[in-house]
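Student: Residue numbers (full-length UniProt numbering), protein chains in the order written: chain E, 1 to 422; chain F, 1 to 215.
One or more hints might be untrue.
To be verified - Counterexamples of contact, computed for chain F against chain E with all Cβ distances above 10 angstroms:
1. D14
2. E21
3. A30
4. E32
5. G98
6. D108
7. R121
8. S167
9. R180
Stated by the list, open to error - Computed Cβ-Cβ distance ranges for the label pairs, DEER-style:
10. D352(E) with M19(F): 31 to 39 angstroms
11. D88(E) with Q115(F): 53 to 61 angstroms
12. I235(E) with I177(F): 41 to 49 angstroms
13. E157(F) with R216(E): 24 to 32 angstroms
Derived by calculation from the structure, the hints in this document are not laboratory data.
Note that beta-carbon positions come from the ideal geometry of N, C-alpha and C, so glycine has one too.
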Amino acid sequence: MTGKESRVRSALLAAGRAFVLSFASIVGSVTLFVLAVTSIAFVLLGVGLVTTPWVLEAVRAHANQRRLLAATWSDVRIPVPYRHFPQDLRTGFTGQVERTTLMLKDPATWRDLRWLLTDMTAGYVLLTLSFGLLAYPVEGLVLAAGLWRVFEDSTYWYGFVPVGDQWTGLAAAALGIAIFHVGLWASRPLLRLHFVLARSALAPAPQQELALRIDRLTETRHEAVDTAASELRRIERDLHDGAQARLVAMGMSLGTIEALVEKDPAQAKKLLAAARASSAEALTELRDLVRGIHPPVLAERGLGDAVRALAMRMPVESEVGVELTGRAGAPVESAAYFAVSETLTNVVKHADADRVWVDVHHAEGMLRISVTDNGRGGAAVGAGSGLSGIERRLGTFDGVLAVSSPAGGPTMVTMEIPCALS
Amino acid sequence: MRVVLAEDLFLLRDGLVRMLEAYDFEIAAAVETGPELTRALAELEPDVAVVDVRLPPSHTDEGLQCALTARRSRPGLPVLVLSQHVEQLYARELLADGDGGIGYLLKDRVFDADQFIDAVRRVAAGGTAMDPQVISQLLSRRAQDKPMGGLTPREREVMELVAQGRSNGAIASQLVITERAVAKHTSNIFGKLDLPPSDDDNRRVLAVLAYLDRG
Numbered sequence: 001m002t003g004k005e006s007r008v009r010s011a012l013l014a015a016g017r018a019f020v021l022s023f024a025s026i027v028g029s030v031t032l033f034v035l036a037v038t039s040i041a042f043v044l045l046g047v048g049l050v051t052t053p054w055v056l057e058a059v060r061a062h063a064n065q066r067r068l069l070a071a072t073w074s075d076v077r078i079p080v081p082y083r084h085f086p087q088d089l090r091t092g093f094t095g096q097v098e099r100t101t102l103m104l105k106d107p108a109t110w111r112d113l114r115w116l117l118t119d120m121t122a123g124y125v126l127l128t129l130s131f132g133l134l135a136y137p138v139e140g141l142v143l144a145a146g147l148w149r150v151f152e153d154s155t156y157w158y159g160f161v162p163v164g165d166q167w168t169g170l171a172a173a174a175l176g177i178a179i180f181h182v183g184l185w186a187s188r189p190l191l192r193l194h195f196v197l198a199r200s201a202l203a204p205a206p207q208q209e210l211a212l213r214i215d216r217l218t219e220t221r222h223e224a225v226d227t228a229a230s231e232l233r234r235i236e237r238d239l240h241d242g243a244q245a246r247l248v249a250m251g252m253s254l255g256t257i258e259a260l261v262e263k264d265p266a267q268a269k270k271l272l273a274a275a276r277a278s279s280a281e282a283l284t285e286l287r288d289l290v291r292g293i294h295p296p297v298l299a300e301r302g303l304g305d306a307v308r309a310l311a312m313r314m315p316v317e318s319e320v321g322v323e324l325t326g327r328a329g330a331p332v333e334s335a336a337y338f339a340v341s342e343t344l345t346n347v348v349k350h351a352d353a354d355r356v357w358v359d360v361h362h363a364e365g366m367l368r369i370s371v372t373d374n375g376r377g378g379a380a381v382g383a384g385s386g387l388s389g390i391e392r393r394l395g396t397f398d399g400v401l402a403v404s405s406p407a408g409g410p411t412m413v414t415m416e417i418p419c420a421l422s
Numbered sequence: 001m002r003v004v005l006a007e008d009l010f011l012l013r014d015g016l017v018r019m020l021e022a023y024d025f026e027i028a029a030a031v032e033t034g035p036e037l038t039r040a041l042a043e044l045e046p047d048v049a050v051v052d053v054r055l056p057p058s059h060t061d062e063g064l065q066c067a068l069t070a071r072r073s074r075p076g077l078p079v080l081v082l083s084q085h086v087e088q089l090y091a092r093e094l095l096a097d098g099d100g101g102i103g104y105l106l107k108d109r110v111f112d113a114d115q116f117i118d119a120v121r122r123v124a125a126g127g128t129a130m131d132p133q134v135i136s137q138l139l140s141r142r143a144q145d146k147p148m149g150g151l152t153p154r155e156r157e158v159m160e161l162v163a164q165g166r167s168n169g170a171i172a173s174q175l176v177i178t179e180r181a182v183a184k185h186t187s188n189i190f191g192k193l194d195l196p197p198s199d200d201d202n203r204r205v206l207a208v209l210a211y212l213d214r215g
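Make the full structure from the sequences, and use the hints.
Tutor: Here it is, written out as structure tokens:
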């Protein structure tokens, strides 16, 4: 009984969703298609240069909405294939023109437009069927209940049943019930079919997917090279101004001591003490530098203990949970470590938190790390924030970063890096 | 006193051997790798082991692991661990068995021969020698906590030295105060931290660390 009930409920739910979606499909898609085509045509007149990005953004939003619904309602995943705009895009009219050109060059734009056409036709028909099969039977029942009287003089066709008297009215009801049963069975698959159709229109072709992948790889490679270069510069500067300078000073002191040791032993002793202090400072600086390049705990113990050691250095209360069955590759470990380190630094600097939880685990080929604090929230990935730096770092490994930080907290930063453990 | 020394860098190993011999220690063995260390600790039964954390062949924390394993089969075996960096994580692991006879110092500390030798002797006698950096990390982390905040600056100074494993006499001479004053400070500190007073160096450090660990 409950199985049947839930089937009816889920069929009705699908029908309701299809009903709502049908408006988006017919009204939204038709309007956007007309606007887009007009706007693109007006590019020749100049006006379109300004309007096209707005209209196409709306089309993308419309398509993204459908992608989201496909994933949440029918578990159909449609990839998002749009190319990213370069970060140094100009503002104002020139920027808008550039944007138009970039968007018109993006094959995804043309796929979107083609999808609008299928959506307003075949897509719409599928949606109508999905809810119609459950709505139409209502009319059959109403006819049987007495509406047939209205059609006593002229015949009314309900499906293939000519309704004219009580008997044919009952036949209409029977047909309605039959259709209803078909509807119960078909409305969910039909809704799903609608999304599958959308996927076939929207998903990028394999070649295009490759092109997107290459774009992404080029971008992350540039970032990785830039990061590595600036790291090397920083290390060079630190060594030059720090340990190297101290060793020079020490060498000089030792030279002077050599000259003084017989003439003025007291002075030589003083210089020796200074040289020793210099060497201790050089060691401290080198130690800090090493920690910044590749923390010794990470090399000795791996990610789990390195994160534990890091959390112990935090001025706020911390709890660390680690579930790792082996060690990830050294570059991944290092990236993950510095991502956690940076996130924790952010927590201390901005979150005003008094507790932080770090969780590290590996499942299904993904290293997942979450850092949660009970601070004031309001953190966002954006230009200049430390979080976008972490995102870039992880990008080199196809890793991603997500931030959930409502105002008032708590803040949760989640990182995922695909990798295997050894 | 017989010492087993494990250090993979020749210069440092050689220097340590010279220094220890100069202070009348007998070098039972000076080894390079983890497996050699394990064998030496099992066969030679030294009075104290001086061990570098990172040793070949794995170049991870092999020295630390060997020392911990050896202490499991021979509880209380005095071990002084040397490292290029100090971590609270390691300090806690070393102290976890509560048997004492543990030292954990930065390699820099060998610059000051007198202090270093003092630390070796303290560890060999079953006491504790914690690097000031470990202690200051722990203390700064707890700086905002109420019980720690209740300490006067002088008590805090004493507390740091207590946590390093120094005796009252050593603390008195370092701070240029009388031993009686030190004893008064320590009993005040233990009172403020709700710790039972004790004269035993090692138990004092363990109590302090246990308190700090309680978080």
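Student: Closest CB-CB distance from G98(F) to chain E, is it above 10 angstroms?
Tutor: 20 angstroms, holds
Student: Please check whether the beta-carbon of E21(F) is more than 10 angstroms away from every beta-carbon in chain E.
Tutor: The claim stands: E21(F) keeps its Cβ more than 10 angstroms from every Cβ of chain E (closest is about 22 angstroms).
Student: Just checking, D108(F) versus chain E, shortest CB gap more than 10 angstroms?
Tutor: 5 angstroms, violated
Student: A cut-off of 10 angstroms on Cβ-Cβ distance, and R180(F) was said to be off the interface with chain E. Does that hold?
Tutor: 32 angstroms, holds
Student: Beyond 10 angstroms from every Cβ of chain E: is that where the Cβ of D14(F) lies?
Tutor: Fine: 18 angstroms to the nearest Cβ keeps D14(F) off the interface.
Student: Cβ-Cβ distance between D88(E) and Q115(F): within 53 to 61 angstroms?
Tutor: 58 angstroms, holds
Student: In terms of Cβ atoms, is chain E entirely out of 10 angstroms range of S167(F)?
Tutor: At roughly 25 angstroms from the nearest Cβ of chain E, S167(F) sits farther out than 10 angstroms, so the non-interface label holds.
Student: Cβ-Cβ distance between I235(E) and I177(F): within 41 to 49 angstroms?
Tutor: For I235(E) and I177(F) the Cβ distance comes to about 45 angstroms; the hint holds.
Student: Does E32(F) sit more than 10 angstroms from chain E, CB to CB?
Tutor: E32(F) clear of chain E: closest Cβ-Cβ about 18 angstroms, beyond 10 angstroms.
Student: Compute the least Cβ-Cβ separation between A30(F) and chain E, then decide whether it is above 10 angstroms.
Tutor: 22 angstroms, holds
Student: State, for the Cβ atoms of D352(E) and M19(F), whether the hinted interval 31 to 39 angstroms holds or is violated.
Tutor: 49 angstroms, violated
Student: Is the hinted range of 24 to 32 angstroms satisfied by the C-beta distance from E157(F) to R216(E)?
Tutor: Once the Cβ atoms are compared, 56 angstroms apart, the range 24 to 32 angstroms for R216(E) and E157(F) is violated.
Hint compliance for this structure: hints 6, 10 and 13 are broken, all remaining hints hold.
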